[in-house]
Amino acid sequence: MIKINNLHKSYKMGSSSLHVLKGIDFNVKDGELVAIMGSSGSGKSTLLNIVGMLDIADKGVYELDGVPIENLDETKAAQYRNKFLGFVFQSFNLINYKSALENVALPLYYQGLKRKDRQEKSLSYLEKVGLKDWATHLPSELSGGQKQRVAIARALASQPKVLLADEPTGALDTKTSYEVMDLIQQINQEGKTILVVTHEPDIANMCQRVVKLKDGVIVEDKKVEQVLAAQYV
Amino acid sequence: MFSRDRWQEIFETIRKNKLRTFLSGFTVALGIFIFVILFGLGNGLKNTFAEFFMDDSTNTLWLNPGKTTKPYKGFKKDRRIEFDNTDLADIKANFPFYLETITPRITRSALVKYKNESDNYTTRGISPANQDVEKSILMEGRFLNARDISEKTKVVVIGRLVAEDLFKNENPIGKYLDIGSVMFRVVGVFQDSGGDREERVIFMPFTTRQLIEKNNDKVDQIVVTFPPRIGHAGSLAFEKKLRLFLKQKKSVDPTDSGGIYIRNAADNFKRNQQFAEVLQLIVTFVGLGTLIAGIIGISNIMVFVVKERTKELGIRKALGATPRSVIQLILQESIFITLISGYIGMLLGILLLKNIGLKLEDFFIKNPYIDNGTALWATFILVLFGAIAGYIPAKRAAKIKPIIALRDA
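Line order of the protein sequences matches chains A and B. Under this note's numbering, the first residue of the first sequence carries the number 180, and numbering increases by one thereafter. Under this note's numbering, the first residue of the second sequence carries the number 1264, and numbering increases by one thereafter.
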């Protein structure tokens, strides 16, 4: 699903430049649930942003579902993001003046679906994350866990090939974190490819494979015994 | 532009961000409102000005005698020059080409009584030509005529306000007025657009005035008019010749700056017109100033709005919004709001101007108005600049990488 070869990325910091990714080789198969770990500054979020086409690599090859991702202009990147990718952020990033349902419907709006179809589809995804009754509520009326579940429903609504989660449990307490991970595991079991960036070992252990980054290179890439989050819920 | 979905998205955004919508709308509405009001009031000021200073004939020379400042032909300096009836005849005889009408003026103040009403008024001994000079409009009766002059009749034509003050609701024609203890019959009532002062004047034959003053032949002031066809240059030549002629006749040194004073209405007119132009310029400047202030206001609001929405736009972009759709969303919303509120501000301004009407006449503002073209044009300018002011930050926001917009602040 994801093929990455010799990926480099550096940021300009005034006159000097900061080399964040120093040649990453990284493949993800269809249906995998992969955790990307590393301390802050290791380059894990940068990697995710490049995979998510929110940022562009300086050098290297990136293929998503057989499509080479290169020479992206903003418009094309936006279309690819809409078609291929679903995002879940640490800080949820819901639009605060839109209800849960409208938030979930937003990627569908950019896909050009009709209003009625958008509503039906969004509602079914809200139901999937167990928030059908909260459809008309604003994000400010939801708890942290509920917000993240709305965000997951939004990421799923556009039926992406890959779900990218950047510290999805970073702003949540342990119990809520496990609930969210349970949901992510369920989605994975339905066949969705998922990348989770985290620095918490217990969250990483709930994935099938853990990739550790340090100073811009992959230092460890191993399969783990998946811990089911359901047993903690 | 006409996608129903995008309009729905915009209406939703407007409905759910009432404060923001109100702020930007209010700025535009206020800008246009103030522009319309100030421009209208400026026009009102111009109206008043035109009425005050543009009402008398412009083809007029006023001749006033004064003191000489130089000794000449055996006369000492500081000699007081006086006009008399022979001057009228001489000017008539010597300037047939330049002269249109001529009238003397003998101005006095007098206590005027009718029954129990009395007040002090300005009386003016004149000849019939004065009617043209002052553009007096006869309301009732007749004006003074040649027979009144030659027979020195005791008749007067009174100003509208004199009639109003003394006669109340009575018809003054044919009634007798006591003017400085001499009885005069009222033969006419006139009005003048030059304001109240000009309508509190009483006209009588100048010969009658001379008769009362021991049958002398003195004249305070001579007013002559010339045919407009001779133009400004002609009037200056006329003025020069007239001055020379009178100085010769009255034995005044031709180089003496005193003795005879001549005021040319054409100069006045020119000055007044220049003043009116300056007034117009000020009105335009005030208008432009408010408009610019409005533009700055709406620009600030737009920058603020886009700034406030940066994160939202980043989320939209992450979810698949193209830069184009982001710009369209912001622009369409801002144009929609500025158009509606600009129109409301314009209507309110025009409505207020219409209602002011004559209420501000005491402050020299009469009939303030703004022509619809100017008002619409100003609204359009403001909307256009609002759109431009929104476009620049919107374009920048559309360019920002979503990760930067989404970075946790």
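Do not rely on the hints blindly, as some may be mistaken.
To be verified - Which residues of chain B face chain A? A partial, calculated answer using Cβ under 10 angstroms:
1. Ala-1409
2. Arg-1410
3. Glu-1414
4. Lys-1415
5. Thr-1416
6. Ala-1529
7. Lys-1533
8. Lys-1570
9. Thr-1585
10. Pro-1586
11. Ser-1588
The hints are simulated quantities; they were obtained by calculation from the structure and are not laboratory data. Even glycine gets a Cβ: it sits at the ideal position worked out from N, Cα and C.
Structure-based check of all given hints:
{"no.": "1", "hint": "Ala-1409", "verdict": "violated (87 angstroms)"}
{"no.": "2", "hint": "Arg-1410", "verdict": "violated (90 angstroms)"}
{"no.": "3", "hint": "Glu-1414", "verdict": "violated (93 angstroms)"}
{"no.": "4", "hint": "Lys-1415", "verdict": "violated (92 angstroms)"}
{"no.": "5", "hint": "Thr-1416", "verdict": "violated (89 angstroms)"}
{"no.": "6", "hint": "Ala-1529", "verdict": "violated (69 angstroms)"}
{"no.": "7", "hint": "Lys-1533", "verdict": "violated (64 angstroms)"}
{"no.": "8", "hint": "Lys-1570", "verdict": "violated (16 angstroms)"}
{"no.": "9", "hint": "Thr-1585", "verdict": "holds (4 angstroms)"}
{"no.": "10", "hint": "Pro-1586", "verdict": "holds (5 angstroms)"}
{"no.": "11", "hint": "Ser-1588", "verdict": "holds (7 angstroms)"}
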